[in-house]
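Note that the protein sequences, when read in sequence, are chains A and B.
Mapping the first sequence onto this note's numbering, position 99 (from 1) lands on 99, and the numbers just tick up by one.
Mapping the second sequence onto this note's numbering, position 183 (from 1) lands on 183, and the numbers just tick up by one.
Everything labelled a hint here was simulated from the structure, so no lab data went into it.
Note that CB positions come from ideal geometry on N, CA and C, so glycine has one too.
Some hints could be false.
Going by beta-carbon spacing under 8 Å, a handful of chain A positions derived as facing chain B [said to hold, decoys possible]:
1) K101
2) R103
3) L116
4) L117
5) Q128
6) P132
7) R138
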Amino acid sequence: MSASGGGPAVASLASGRGKDDAPPRLKVEQASYAYAATGRMAPSFTLGPVSFEAQQCETVAILGPNASGKSTLLRLLSGTNRPLSGRIELDGAEISALDAKARAQRVALVQQESELLFPLRVWEYVLQGRHPYGRRLRFETEEDCLLAGNALEQVGADSLRQRWMDQLSGGEKQRVILARALAQQPALLLLDEPTQHLDIGGKVELLRRLRSLARENRYAVLIVTHELDLAAEFSDRVVLLHKGKCLCVGTPAEVYERELLEQVFEAPLEVEMRPSGRPRVMLREER
Amino acid sequence: MRPLTPSRVVWVCAALAGALFVMVVIALRLGAYPISARDIVMTLFDGVMGRRDRIPSDFWLVVFGLRLPRIALGILVGAALSTAGAGFQALLRNPLADPYVLGIASGAALGSMLSLMLAPQVPGATQVAAFIGAAATTAVVYFLGRRGGQLDSATLLLAGIITASFLSAAIMFLETMLSGRDQRGMAFWLLGDLTAPPSVGLRWLYLVLIVVVGCIYTTAADLNLILTGEQEARHLGVHVNRVKLVVYLGASLLTGLAVSVGGAIGYVGLLVPHVMRMLFGTDYRLLIPASALGGAIAILLADTLARTVVAPTELPVGAMTALAGAPVFIYLMRRRVR
Chain A
1 MSASGGGPAV ASLASGRGKD DAPPRLKVEQ ASYAYAATGR MAPSFTLGPV
51 SFEAQQCETV AILGPNASGK STLLRLLSGT NRPLSGRIEL DGAEISALDA
101 KARAQRVALV QQESELLFPL RVWEYVLQGR HPYGRRLRFE TEEDCLLAGN
151 ALEQVGADSL RQRWMDQLSG GEKQRVILAR ALAQQPALLL LDEPTQHLDI
201 GGKVELLRRL RSLARENRYA VLIVTHELDL AAEFSDRVVL LHKGKCLCVG
251 TPAEVYEREL LEQVFEAPLE VEMRPSGRPR VMLREER
Chain B
1 MRPLTPSRVV WVCAALAGAL FVMVVIALRL GAYPISARDI VMTLFDGVMG
51 RRDRIPSDFW LVVFGLRLPR IALGILVGAA LSTAGAGFQA LLRNPLADPY
101 VLGIASGAAL GSMLSLMLAP QVPGATQVAA FIGAAATTAV VYFLGRRGGQ
151 LDSATLLLAG IITASFLSAA IMFLETMLSG RDQRGMAFWL LGDLTAPPSV
201 GLRWLYLVLI VVVGCIYTTA ADLNLILTGE QEARHLGVHV NRVKLVVYLG
251 ASLLTGLAVS VGGAIGYVGL LVPHVMRMLF GTDYRLLIPA SALGGAIAIL
301 LADTLARTVV APTELPVGAM TALAGAPVFI YLMRRRVR
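Excised from the complex, chain A in its bound form (with noise of 0.2 Å):
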């Protein structure tokens, strides 16, 4: 299962260059959005305005603490919300220009589940990510089947189809939400905060396959967190925010500052630079 757009696989991208290759899949210019922005009120939170590339196959990760506009920034990025200023492009085209249908075929969204009010079965899951390609009350077709069952397969779930939504553990109901993600063949997948409800085994097996994912389907992968240590050790680029500025972008290790990440997390902090060129993070002993 490969995404539209094909172009030239991007080499070497765990050190995030060689992106001269190819023209971004993402690119970000400027992007600012503010709240409650009504002539007589003053907003109530403004993010940006923020600049960022992401090639095809990379994963960038969005990192900053609470409040610092990582939500706003994803709600830019999947065109729920159009920017005041600036321009996000996936692909050449304008993300909050398209059509709702046509941009599902392209940004694909993994986000916390909502509560099920109904019980729906796993695959039955799954083949709603179908929903875009299909007009109006349209029934699947054995190509939507097959489809559901690679995304499955991809994050292997294979075992779960037959299962109930609701019965299923956090780390399995991720694997399968992130199925669905992929039935859409987005060419971005966006994720906010995907590891909130996992363990750390769970943590580093679905940012693993998030990595392998990319590489594999030639996604953009943006993943919205705060965790440092999962972005440095998983991340191509990062995206560093905080209250609601946009303060640094690049590899981990150019953007992983002590004095910086301090300033931005509160908290005393070491960074430590491991001989695979990626920063640790850890609390520092205060005396």
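Place chain B on chain A using the hints.
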């Protein structure tokens, strides 16, 4: 792994239509004047084929003159209420939503009553007023049921109950202004009553029913996703606001239609979609037509019982549905709490 196919929808609907036909024959058979089931089927067949001369005149009177209009009205009301119930359950994302529980039927009843008192001679005025009453009540309950910008299940039900009791008080106030005979008729109608022929031709009401159910049906695939979550549906390419508007207007119209001709018949809109879900699954592409047919069967069953259990006296059909519906409602509510 087999998703819903059009042929399954057709088969299930054909089976339900068959069950409905059997129910129609049973309803036609029962009554003071005895006719055998075979005669009823023959009379219906000849009637449909336009061979009126081959039907005995007493059969014609009993079947086409007396019993069939009431049955046709029952089918209309049942189909409208059940489809409206299925629609409201998706629209308000609440499995306990139904036109009656949320006070929407009371709004329609108040609208009908006002139009009956103010403009009794205008054809179609009752239906229009009932629709306006239903639509306005839905809007009020929807906004009262929100908490922190989100539609909250418990708040929504409370808002519905409060709205319903307020509207009942208003209806009672209007009732006291009527004369004695009108008052009794109105009280009977409010409990749900299929005896009074509608002021508008049945074929027009059926036309509205079919068009509106058809409109709601076009959103069926989108409703499946909205049930999973509005935000998620948006990200899967559903025009959520457009779908909600269609279902909101459609379900309000159907409620208005049903209440204006049959009074406030409770629980059908709640229970029939649930029973259909248990039988055929939660997919709205099947659930909507199945609910429409199932609702028709349920009303016919209730009305036939209402006519026969204490014959020659008749119970209001609404009393019958409430008698059966209330315990099932409690069961569903407790199952959900657990």
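Hints breached by this structure: No hint contradicted; all consistent.
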